[in-house]
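*Asks:* Read off the chains here:
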Amino acid sequence: MGIGSILVGVALALLVGAYLARPFRQPEAEFDRAIEHWVAQARAALQAGEVAAAPAATAAEEPVNFCPQCGRRVGTDDRFCAGCGRPLR
Amino acid sequence: MGGKAKLTIAGLLIVAAVAYLIASNTGSTAHYFLTIEELQTMGEEAVGRSLTVSGAVIGDSIVYDPSVPRVTFTIVQVPGDPEEVERAGGLAAVLHAAVNDPSAPRLEVVYNDVKPDLLKDEAQAIVRGKLGEDGRFYADEVLLKCPTRYEEEVPDQAEEP
Amino acid sequence: MLSEVGTITIGLALAVCLYASLAVFLSIRRSDPRWLQSGWNGIYATTAILGFGLLLLLFAFLTNRFEIQYVAQHSSRALPVYLKVSALWAGQEGSLLLWSFLQILFALLLIARPSVRTRPLLPWATVILGCVAAFFIGVTLFLSNPFARLDHAPFDGQGLNPLLRHPGMIFHPPSLYLGYVGLAVPFALAMAALITGRVDEWTRAARRWTLAAWLFLGLGLFLGARWAYDVLGWGGYWGWDPVENAGLMPWFTATALLHGAVVQEERKGFRTWNLVLVILSFVLVLFGTFTTRSGLIQSVHAFGRSALGYYFLAFIGLVLVGSFALVFRYRSFLRGNSSSEGLLSREGAFLIALVLFVTLTVSVFVGSTLPTITDVLSHRRFEAGPEWFDRVTGPQFGLMVLVLALCPLLGRSAQALRRLRSRGWPALVGGVVVAGSAALAGFTGWTSLVGFALAGMAGGTAVAEIAWDVVGRSRRKEEPFLQALQRQVSRHRRRYGGYLVHFGLVLLVIGIIGTRVHALETEVVLSPGEEAQIGRYTLVFEDLRQEQATDHVRTEARIAAYRDREYLTTLTPRIDAYAQQTVGVPALRPGWREDLYVVLAAYSPTEITLKVFINPLATFLWLGGLILLAGGAVAVWPSAEEVRLPVAEARRRKVRNTVAAVVVLALLIAAGAAMWGPGHGASARLVGRPLPGQPAPDFTLTLLDGGTISLADLEGRVAVLNFWATWCPSCEEELPAIQSIWEEYQGRGVVFLGVALQEDEAIVRGAADQYGLTYLLALDIGEQVSTAYGVTGVPETFVIDPEGNVAFVHIGPVTAEELIEELESLLGQ
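Protein chains in written order, with the working numbering: chain A, 1 to 89; chain B, 90 to 250; chain C, 251 to 1079.
Some hints could be false.
Below, a list of computed lysine-lysine pairs in the DSS-like style, where the Cα atoms sit at most 27 Å apart [as the list claims (entries may be wrong)]:
id	chain 1	residue 1	chain 2	residue 2
1	C	Lys-518	B	Lys-93
2	B	Lys-219	B	Lys-209
3	B	Lys-95	C	Lys-727
Sample of chain A residues with no beta-carbon within 12 Å of chain C, all distances over it, derived [as the list claims (entries may be wrong)]:
id	residue
4	Val-39
5	Ala-40
6	Gln-41
7	Ala-42
8	Arg-43
9	Ala-44
10	Thr-76
With beta-carbon atoms standing in for the labels, derived distance ranges [claimed, not checked]:
id	chain 1	residue 1	chain 2	residue 2	range
11	A	Arg-25	B	Ala-177	51 to 59 Å
12	B	Lys-95	C	Gly-722	27 to 35 Å
13	B	Tyr-109	C	Pro-404	33 to 41 Å
14	C	Leu-915	A	Ala-44	38 to 46 Å
15	B	Gly-221	C	Asp-948	55 to 63 Å
Just so you know, these hints were derived from the structure itself, not from any lab.
Glycine included, C-beta positions come from ideal geometry on N, C-alpha and C.
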């Protein structure tokens, strides 16, 4: 097995591995942003004197990254899932 | 009788009829599938029956008369059991060995038709027809497999350098 | 390096595919969508990796990398590019790689654009499809690697088997594979439905897939039959070969499934039947590929013996046991919903049809495996030949056609007889018309007449159904007939597709009866110029030509064919001799009543042997097949009325539909072209040579020495018309003989006329002087007279009797003895 082939193989494997791991890594960045968003909301509500509603982090009301019905990855601002049409907000 | 029952009976009748068709035709129109050795063991009983025999073609024995047309050739015993073939090294090897073995059982085949394209030395022949009184096999159909079309026993993967 | 990268690619694909199945499974267990997405990414990745692998193999073919064993076995430098591409699937290794790719590609298509109905089934379906794909990739990698390398790379490959060098090779295997692989998807959806408790809906979810797989499988089968007819030259198209049967059986069960699905979607009936049918379809697909690759079943088609057989057998066992275990475990979902309809009802007819499809499949299976079965049962091996199959399946097909004729006329059992009475007349009319026409056309024999009658009945019903449906709509909506037809077809694709399929089937049955019951086969031996009479046809052997092509020697016979003594066409059957093999290529002249099919069986310097087949109604086979497939395409098409979609989605759908339309149309046209396609070896010239006994064509010629001569001038005298040219060596050889006979007979009122196909007067005069020709000579300006006489070469001689009819024809040089004999016989009268 030549060095060239091994290198090609390893390169391919790494690329593919990264792609397979993507769904596990994405939410961290998005999740952080989502947390910041909630925190900002809560602060604003407190300052306005209202009782801040507990950030309902259920998938049905917050913009999440995966459609709970079909599992398709969706944008954080999407109102409907592009794969199955389910409302996301 | 309820409609449903009639339907069920009709279905069962069809199945029974088909089973009968299969069984009766297996007895009558099916060909007895033999190797040359088995054919010779059968002896007299084999004469006149619908048979299918397989063997390796001996190239030198092929004689073709285009004006009739008729081609005659001799086939040599080849084991019928695929396991045995595999143990002996694969079909191509078995055919080659058979053709070069002077003591292996042989059968002369007469085929009243044009010479098939694939009829050549070491081809696997499957001949369908009847055994004549004279000990020659009168074929109605000759199926051939060209030796170069064979996939040999799965080759060992190329060794790494 | 290419070999190694290729192997690594397949290995990587296997790993990723296994991961994908596992990941999706985990996502179900943990209800974690991230695992699901990762698994699906895995499917996308596997598809890309295998696609890359295929391209790599293609690259190896196109750049002649003969160090790769597979390339060396199936390609050569001289092979044209399109055949190098199709060599990709010519052998076991490449075809398994292609299969693996298609298998994972279909999984990708399933998850990429899920419909509302398939969505809930996706996770489990993906797991199953992933496992199936992994099996095939694993088998390819460990047992059948197309990238295996040869230690010693040859300069040139062995080339593609000449029998496979046909455009049909481009479409036949891939189409079959699309069908085979496609049937895995309904199977996966069905199992997923079973596990998730959605047993009622899966047929609707799987419908497009089942139809598409059925369509491609059917297309592959028809192309195979046409290819056999066109190329293999044994005059037939279906030999009941175990490998042919391997494609037929899943097609039967898939057809049954399509019908059962109708009832399941209407009233949730036949659910168990449909599950069994989809399992059988998939298992038969696996069994089919096992047959071709294990060597366990003797066939001229098979790839040959290899160790793959056992692994396939094990996988088949696993699938069978696993799926039936699932059915058993979830059988509670399948309770209830049985119907109370009786025999003479639509549903009863459907049930009978399903039973027949299954018995047909079982019959074909038993026939294909008879040696094994009989060996096990009785220690004596029996083999089923075409006769066995015809006898066993014939009556079943007949009954099926009867069901087809009656089913649309039936409704609920209650009023069955009344309905039959009022709506049954088109069937009767159809039956009488078709059987009557057949009898008039000469197809007698009670089996075929019964068959024709049944086919006619089914045809009558099919036409009537369409007519009633469209007329009904036309009246209700006050639309013109054509508009109503168009509207109905676009609203009810499946139904009208079905009508079209049934109609195509009727034509197919007619073709089958004609070709199998009334075919004629015979051999003739001919010397140049000799004619043979076969049925209504007269065949005249004109000449034999040989030419050297890059890798083969082509020997072609030219045969003038006449029907009822009238010139029809010129056939050119030939033999192509390659280094390792000779291939006979038949000449085919299709017709409505029958096909004239001629094979050059043997040739020698003095004579040729021809095999002649008259195949009645063969054209109906191919026409019926095309209509059947077109019907399938119509059925697969999305209906006009769909769920309201957001604008962007609707536009995307429209684009996708248009692209799909173009693709399917192109495929059908290609299939049609392949079916009626290139090089039948028949080309008709404008005018045919007259046969002995026919009137001599009129002519007027200007003689070399002045004056003119025409046919009328020859009245009452015996005439010899010799077409020759100065550049033709055989002509030069016969000139002295002709001259000497002229001298001998000129006193007896005979006319000799030499017609030179040479417009240079001086040269002709020179030759005349050289040979001392004293008989009449003329120049055939513009080849008018030779065309009128259907002359195709020189020399040709026509001896005309005193009444103006051609008495004798010589193609090629004429000898003195022959001419003397003929003149004596005519003068003696």
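*Asks:* Taking the shortest Cβ-to-Cβ distance between A/Ala-42 and chain C, state whether it exceeds 12 Å.
*Replies:* holds, 26 Å
*Asks:* Between the beta carbons of B/Tyr-109 and C/Pro-404, is the distance compatible with 33 to 41 Å?
*Replies:* Hint violated: Cβ distance 56 Å, outside 33 to 41 Å.
*Asks:* Kindly confirm whether 55 to 63 Å is satisfied by the beta carbon distance between B/Gly-221 and C/Asp-948.
*Replies:* With a Cβ separation near 58 Å, B/Gly-221 and C/Asp-948 satisfy 55 to 63 Å, so the hint holds.
*Asks:* Is the claim that A/Gln-41 lies outside the interface with chain C correct, judged by CB distances over 12 Å?
*Replies:* Non-interface label stands for A/Gln-41: nearest chain C Cβ at 25 Å, farther than 12 Å.
*Asks:* Is the hinted range of 38 to 46 Å satisfied by the C-beta distance from C/Leu-915 to A/Ala-44?
*Replies:* violated, 60 Å
*Asks:* Please check whether the beta-carbon of A/Arg-43 is more than 12 Å away from every beta-carbon in chain C.
*Replies:* Correct as stated: the minimum Cβ-Cβ distance to chain C is 30 Å, above 12 Å.
*Asks:* Do the alpha carbons of B/Lys-219 and B/Lys-209 lie within 27 Å of each other, as the hint requires?
*Replies:* Judged against 27 Å, a Cα distance of about 22 Å means the pair holds.
*Asks:* Quick one: are A/Arg-25 and B/Ala-177 within 51 to 59 Å, going by C-beta?
*Replies:* holds, 57 Å
*Asks:* Take the C-beta atom of B/Lys-95 and the C-beta atom of C/Gly-722, compute their distance, and say whether it sits inside 27 to 35 Å.
*Replies:* holds, 31 Å
*Asks:* Mind checking the alpha carbons of C/Lys-518 and B/Lys-93 for me, to see if they're no more than 27 Å apart?
*Replies:* Cα-Cα ~17 Å, so holds.
*Asks:* Take a quick look at whether B/Lys-95 and C/Lys-727 sit within 27 Å of each other, Cα to Cα.
*Replies:* Cα-Cα ~41 Å, so violated.
*Asks:* Does the no-contact call for A/Val-39 survive, Cβ to all of chain C over 12 Å?
*Replies:* holds, 24 Å
In this structure, the hints that do not hold are numbers 3, 13 and 14, in rising order.
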